[in-house]
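*Asks:* Quick note on numbering: the sequence shown equals residues 1 to 67 in the working numbering.
No lab work stands behind these hints: they were computed from the structure.
All of these numbers come straight from a predicted model, not from anything done at the bench.
Check the hints yourself; a few may be wrong.
[Claimed, not checked] Pairwise CB distance ranges, derived in the manner of DEER restraints: (1) Asn23 with Lys66: 29 to 39 Å; (2) Thr60 with Lys15: 32 to 42 Å; (3) Val20 with Glu67: 25 to 35 Å.
[To be verified] Below, computed lysine-lysine pairings styled on DSS-like, alpha-carbon distance capped at 25 Å: (4) Lys66 with Lys37; (5) Lys14 with Lys37; (6) Lys37 with Lys12; (7) Lys15 with Lys37; (8) Lys30 with Lys12; (9) Lys15 with Lys30; (10) Lys30 with Lys14.
Just so it is clear, CB atoms sit at the ideal spot from N, CA and C, and this is done for glycine as well.
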Amino acid sequence: MIVINQVQIFRKQKKMTQEVLANRVGVSRKTIVSLEKGNYTPSLLLALQIAEVLETDIHTIFYLEKE
């Protein structure tokens, strides 16, 4: 299984830059870029923080997909 994320979609809906999101959750912009490209799977803590900042349920942003 792989983790699918919709961080970029929800971030853009909030008109938020990658830099602002990164600062609010305490990571680098590079981490957000990697996450949005699907090259990085966040820790549970980071996923929860992102969902909170984007004011969305974690299951809406992150979900599992069978390969």
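*Asks:* Now, for every hint given, state plainly whether the structure supports it.
*Replies:* Against the structure, the hints:
Between asparagine 23 and lysine 66, the C-beta spacing of about 34 Å keeps the proposed range 29 to 39 Å intact. Separation of threonine 60 from lysine 15 is about 18 Å and departs from the stated range, judged on CB atoms against 32 to 42 Å. At roughly 33 Å, the beta carbons of valine 20 and glutamate 67 sit within the given window of 25 to 35 Å. A threshold of 25 Å between alpha carbons decides the hint, and for lysine 66 with lysine 37 the separation of about 18 Å falls inside it, so the pair holds.
Distance restraint check for lysine 14 and lysine 37: the Cα-Cα separation of roughly 19 Å lies within the 25 Å cut-off, and the hinted pair is therefore satisfied. Under the criterion of a C-alpha separation no larger than 25 Å, the hint pairing lysine 37 with lysine 12 is consistent with the structure, at around 14 Å. Taking the CA atoms of lysine 15 and lysine 37, the gap is about 18 Å. The hint holds against a cut of 25 Å. Distance restraint check for lysine 30 and lysine 12: the Cα-Cα separation of roughly 17 Å lies within the 25 Å cut-off, and the hinted pair is therefore satisfied.
Proximity of lysine 15 to lysine 30 is assessed by CA-CA distance (about 18 Å); at most 25 Å being required, the pair is judged to hold. With a CA separation close to 19 Å, the supplied pair lysine 30 and lysine 14 stays within the 25 Å bound.
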